[in-house]
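Can you build the whole structure from these sequences, using the hints too?
Residue numbers (the working numbering), protein chains in the order written: chain A, 6 to 307; chain B, 21 to 304; chain C, 83 to 400.
A hint or two may mislead.
As the list claims (entries may be wrong) - Per label pair, the in silico range of CB-to-CB distance:
| hint | chain 1 | residue 1 | chain 2 | residue 2 | range |
| --- | --- | --- | --- | --- | --- |
| 1 | B | Lys108 | A | Pro214 | 46 to 52 angstroms |
| 2 | C | Pro224 | A | Ala20 | 54 to 60 angstroms |
| 3 | A | Gln190 | C | Ser161 | 44 to 50 angstroms |
| 4 | C | Ala179 | A | Ala20 | 44 to 50 angstroms |
| 5 | A | Trp23 | C | Arg155 | 45 to 51 angstroms |
Claimed, not checked - Straight-line C-alpha distance at most 27 angstroms; calculated DSS-like pairs for lysine-lysine:
| hint | chain 1 | residue 1 | chain 2 | residue 2 |
| --- | --- | --- | --- | --- |
| 6 | B | Lys88 | B | Lys158 |
| 7 | B | Lys161 | C | Lys98 |
| 8 | C | Lys354 | C | Lys373 |
| 9 | C | Lys98 | A | Lys33 |
No lab work stands behind these hints: they were computed from the structure. Just so it is clear, CB atoms sit at the ideal spot from N, CA and C, and this is done for glycine as well.
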Amino acid sequence: MNILADRIHLIERLAKGWAIFRQNLLGKIGLTLMIIFALMALASFFTPFLGPTYDPMTGVDPEISHATGPSWRHWLGTDFIGRDIFTQLLEGAKIAFMVGLSAAFISIVLGTIVGMLSGYLGGVMDTLLMRLADMIMVMPSLLILLLLAALFGQLNIWLIVLLIALLRWPGVSRIIRAQTLTLKQRPFIEAAKVAGASHLRIIFRHIMPNVLPLSFLYMTFRVTSAILVEAALAFLGFGDPSQVSWGMMLQWVWKTGHMFQAPYWLLPPGICISLLTLSFYMLGRAMDEVLDPRLRKEEHSG
Amino acid sequence: MADADKKPIVQLNGISKFYKSQTSFFKASTETVTALKDVTLEIPKGEIFGLVGQSGSGKTTMGRLVVKLEDPDEGRILLEGQEINRLKGRALKKFRMKVQMIFQDPYQSLNPHLSIADTIQEPLSIHGIATRQGRRMKVIKSLESVGLSPALDFMNRYPHQLSGGQRQRVAIARAMVLKPEFVVADEPTSMLDATIAIQLFRLILDIRNRFGVTFLFITHNLAAARFLCDRIAVIHHGEIVETGTAEKVIKDPQHDYTRKLISAQPSFTYGGANNSEIGAPEPR
Amino acid sequence: MTLLSVENVCVSYRTKNGVLNAVDDISFGLDEGRSLGFVGESGCGKTTIGMALMGLLPENGSITQGRIIYGGRDLVQLSAEAMRTVRWNEIAMIFQAAMNALNPVHRVHEQIREAILAHHPDTLQADLQQRVEMLFDLVEIPRERMQDYPHQFSGGMKQRAIIAMALACDPKMVIADEPTTALDVIVQDQILQGIKTIQNRMNISVIFISHDIAVVADVCHDIAVMFAGQIVEFGSREEVFETPIHPYTRLLLSSYLTLDGERPEPIAFAAKTPNLITPPSGCRFYEQCPKATQACENDPPEYREISSTHRALCKVVD
Numbered sequence: 006m007n008i009l010a011d012r013i014h015l016i017e018r019l020a021k022g023w024a025i026f027r028q029n030l031l032g033k034i035g036l037t038l039m040i041i042f043a044l045m046a047l048a049s050f051f052t053p054f055l056g057p058t059y060d061p062m063t064g065v066d067p068e069i070s071h072a073t074g075p076s077w078r079h080w081l082g083t084d085f086i087g088r089d090i091f092t093q094l095l096e097g098a099k100i101a102f103m104v105g106l107s108a109a110f111i112s113i114v115l116g117t118i119v120g121m122l123s124g125y126l127g128g129v130m131d132t133l134l135m136r137l138a139d140m141i142m143v144m145p146s147l148l149i150l151l152l153l154a155a156l157f158g159q160l161n162i163w164l165i166v167l168l169i170a171l172l173r174w175p176g177v178s179r180i181i182r183a184q185t186l187t188l189k190q191r192p193f194i195e196a197a198k199v200a201g202a203s204h205l206r207i208i209f210r211h212i213m214p215n216v217l218p219l220s221f222l223y224m225t226f227r228v229t230s231a232i233l234v235e236a237a238l239a240f241l242g243f244g245d246p247s248q249v250s251w252g253m254m255l256q257w258v259w260k261t262g263h264m265f266q267a268p269y270w271l272l273p274p275g276i277c278i279s280l281l282t283l284s285f286y287m288l289g290r291a292m293d294e295v296l297d298p299r300l301r302k303e304e305h306s307g
Numbered sequence: 021m022a023d024a025d026k027k028p029i030v031q032l033n034g035i036s037k038f039y040k041s042q043t044s045f046f047k048a049s050t051e052t053v054t055a056l057k058d059v060t061l062e063i064p065k066g067e068i069f070g071l072v073g074q075s076g077s078g079k080t081t082m083g084r085l086v087v088k089l090e091d092p093d094e095g096r097i098l099l100e101g102q103e104i105n106r107l108k109g110r111a112l113k114k115f116r117m118k119v120q121m122i123f124q125d126p127y128q129s130l131n132p133h134l135s136i137a138d139t140i141q142e143p144l145s146i147h148g149i150a151t152r153q154g155r156r157m158k159v160i161k162s163l164e165s166v167g168l169s170p171a172l173d174f175m176n177r178y179p180h181q182l183s184g185g186q187r188q189r190v191a192i193a194r195a196m197v198l199k200p201e202f203v204v205a206d207e208p209t210s211m212l213d214a215t216i217a218i219q220l221f222r223l224i225l226d227i228r229n230r231f232g233v234t235f236l237f238i239t240h241n242l243a244a245a246r247f248l249c250d251r252i253a254v255i256h257h258g259e260i261v262e263t264g265t266a267e268k269v270i271k272d273p274q275h276d277y278t279r280k281l282i283s284a285q286p287s288f289t290y291g292g293a294n295n296s297e298i299g300a301p302e303p304r
Numbered sequence: 083m084t085l086l087s088v089e090n091v092c093v094s095y096r097t098k099n100g101v102l103n104a105v106d107d108i109s110f111g112l113d114e115g116r117s118l119g120f121v122g123e124s125g126c127g128k129t130t131i132g133m134a135l136m137g138l139l140p141e142n143g144s145i146t147q148g149r150i151i152y153g154g155r156d157l158v159q160l161s162a163e164a165m166r167t168v169r170w171n172e173i174a175m176i177f178q179a180a181m182n183a184l185n186p187v188h189r190v191h192e193q194i195r196e197a198i199l200a201h202h203p204d205t206l207q208a209d210l211q212q213r214v215e216m217l218f219d220l221v222e223i224p225r226e227r228m229q230d231y232p233h234q235f236s237g238g239m240k241q242r243a244i245i246a247m248a249l250a251c252d253p254k255m256v257i258a259d260e261p262t263t264a265l266d267v268i269v270q271d272q273i274l275q276g277i278k279t280i281q282n283r284m285n286i287s288v289i290f291i292s293h294d295i296a297v298v299a300d301v302c303h304d305i306a307v308m309f310a311g312q313i314v315e316f317g318s319r320e321e322v323f324e325t326p327i328h329p330y331t332r333l334l335l336s337s338y339l340t341l342d343g344e345r346p347e348p349i350a351f352a353a354k355t356p357n358l359i360t361p362p363s364g365c366r367f368y369e370q371c372p373k374a375t376q377a378c379e380n381d382p383p384e385y386r387e388i389s390s391t392h393r394a395l396c397k398v399v400d
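Laid out in structure tokens, this is it:
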């Protein structure tokens, strides 16, 4: 029966959060955009049904073998070897979501755990972890990734995701640590100590639920940076060549000299990158308002 | 009833506690603040013992030392004759079952994400007491015993759905669920209205009368201490300036500071016990 | 001489759950040089009254009915500009937790000067200096401390500085909302005695708002006991203390812990404020009243005059 009540309470809180979110214009725009892109990503699972000519990587239209503009057969035209650009765009959406969400998720998990441990335990642990965080934060992540790519040849997409996460957790951990430090002083934490709770229990049962909303908020920001980093890597030629991402598309445009000749090829991936990252950013800002009561448009009470 | 018959449950011997505070924003040096200075005290078993002092007197620090939220810098604290300073691990956990605390702020002392039932059953689950079902029964009983009835109504609510007085009852239930022998109540009613405070005092008296729990009642309000406590200690700038039974300390104060506290208590008696009258009531 | 006359004032707040009737049909008078205490627990409306008198209700609050007659004018009808001249010059206020309202980066004496200049911009420097010194003397802060910053003042001294600021423009009336909560008992006593002395010396009227009936009894000539937005009992402090009529007053007094006298028997209930968005049609204390009769549930009570100065909102008790 407790579980049912918990669920109901959770639903109540979600509903309340949604009501606030709904009033936020940025949030609505961001959400709409994100849904559009999510649909695109989903659609990319169905492109195989269109037949082999539409495969983003290998689909070669027997009648076309060079870049062409938009037509009924190819809504956005074809690239330099006759592949359909629209399906490539859809595939790119899928990659962007994959990369963005996975990298963000891993870095948030890492960052939250480190932040909580650091803030709660203090002392030597805190110093060590934060110095490590500082060192990583100072490193130019894109440069490091480029170096690694140059050293090891092509990088697999999941390796890229992992590396992005490993280079990006410090930012989150600082925020979570700060939050943990304030929470640590709250009487209900002391009450748990007095009841005999172990450190681990306090961290995961008492501190984590209070810190998670902040983690989720920062996840949206991590998503944008992950997408941008992957796009940059791909554009510069260091991405995973077996994946058709928007950055990769841009690389092909550039490498094959079609930058100024084929706007139908150049513009879509670029615009998509901008819009998707923008949408996550807007979502993040809207969620900020939901989570931080002080930012809400006032509802006065007596 | 000879005082010597009541054995002390908690003893403080020569307790001192210091804090370092930064003197100013620009200076690197720190100043040492003495929160408690050579405090020696005995709390008899089964009594409600009042510790009365103003803010900065060290009273809250003393409470925290007794429940081992912090450790003293000098001196020893004994629970039933056993020293508690260096308790660790399993022995510390056993200690925690015997000594509990009720905090001052009912709006901060309950985890907002946990239901009332979860909050109260947590100490039981930490110490591995009973099964899930068994714990649930204990929670129901404990809610009923603090006056939150019917218990099933309150079990699944969250702190923000309760009033300050109700939250404080939950805090009391949580403190009592392990059946402790000694409870520190740190200004449990200072954030509540007077009529609610009286109810909680009654609850504490009830708990002491039925279960023989010893209470250390920390307060700044001498009148509340008089109402609730058997014995009172007055603390000022980290030192105990006076101890004795409640009646004696108030009727026959020995220390200057105690006298100051007594005369500062706002009161009204017709005819004016106060020296500075507003002006004799005008006949109308 | 009557300084302030409040007649049938109602104040409500617009909230997302509906209109909250915070203060319902309040009437009282305050004479020159007298002090009146409003006592009640959280949610009774006492702070709202203070804010309404000063014209400082928040955006969603408004006086929906009644008149506040001061100096021959109805303050409710005044424009914002006109109210501004009344505020501080005639009626000053000491807010709750006011000591936190001192600006930490300005010296204390500067802030008092600001308060004077804000309402009398033409004051000469020499007069300003003199006035500030006089105010410090009045509230018994040593003149050497004038140059200090707020953080160098103790809690009690900060509160005295706030009182000095309230008196800066020589008002005829001061509204003090919980001026001594958060202060130690000894400091509280000093502040309260200080307020009484100043009141006597300058013949100022004081409205004192507090949840602590002991504090109110110490300082005020007259007491208004509030519950759920209404004045349930009004009388001199002797009358209210010695012969309380309304059951809520009796409940409040029974919670009044003293250092002498009998240990009070705790009454078996605590007062809960009813929902003020949909207040009950009858007596608001009905749910918890040990003396309630059937008639109390539906018929709103009316004031009974126990003496020319003492009234209670109850039809049952006498």
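For each hint, the structure was consulted:
1. B:Lys108 <-> A:Pro214: 46 to 52 angstroms: violated (28 angstroms)
2. C:Pro224 <-> A:Ala20: 54 to 60 angstroms: holds (59 angstroms)
3. A:Gln190 <-> C:Ser161: 44 to 50 angstroms: holds (48 angstroms)
4. C:Ala179 <-> A:Ala20: 44 to 50 angstroms: At 35 angstroms between Cβs, range violated.
5. A:Trp23 <-> C:Arg155: 45 to 51 angstroms: holds (50 angstroms)
6. B:Lys88 <-> B:Lys158: The hint holds at about 26 angstroms.
7. B:Lys161 <-> C:Lys98: Violated, at about 38 angstroms.
8. C:Lys354 <-> C:Lys373: holds (16 angstroms)
9. C:Lys98 <-> A:Lys33: Holds, at about 23 angstroms.
Comparing the model with each numbered hint stated earlier shows that hints 1, 4, 7 do not hold.
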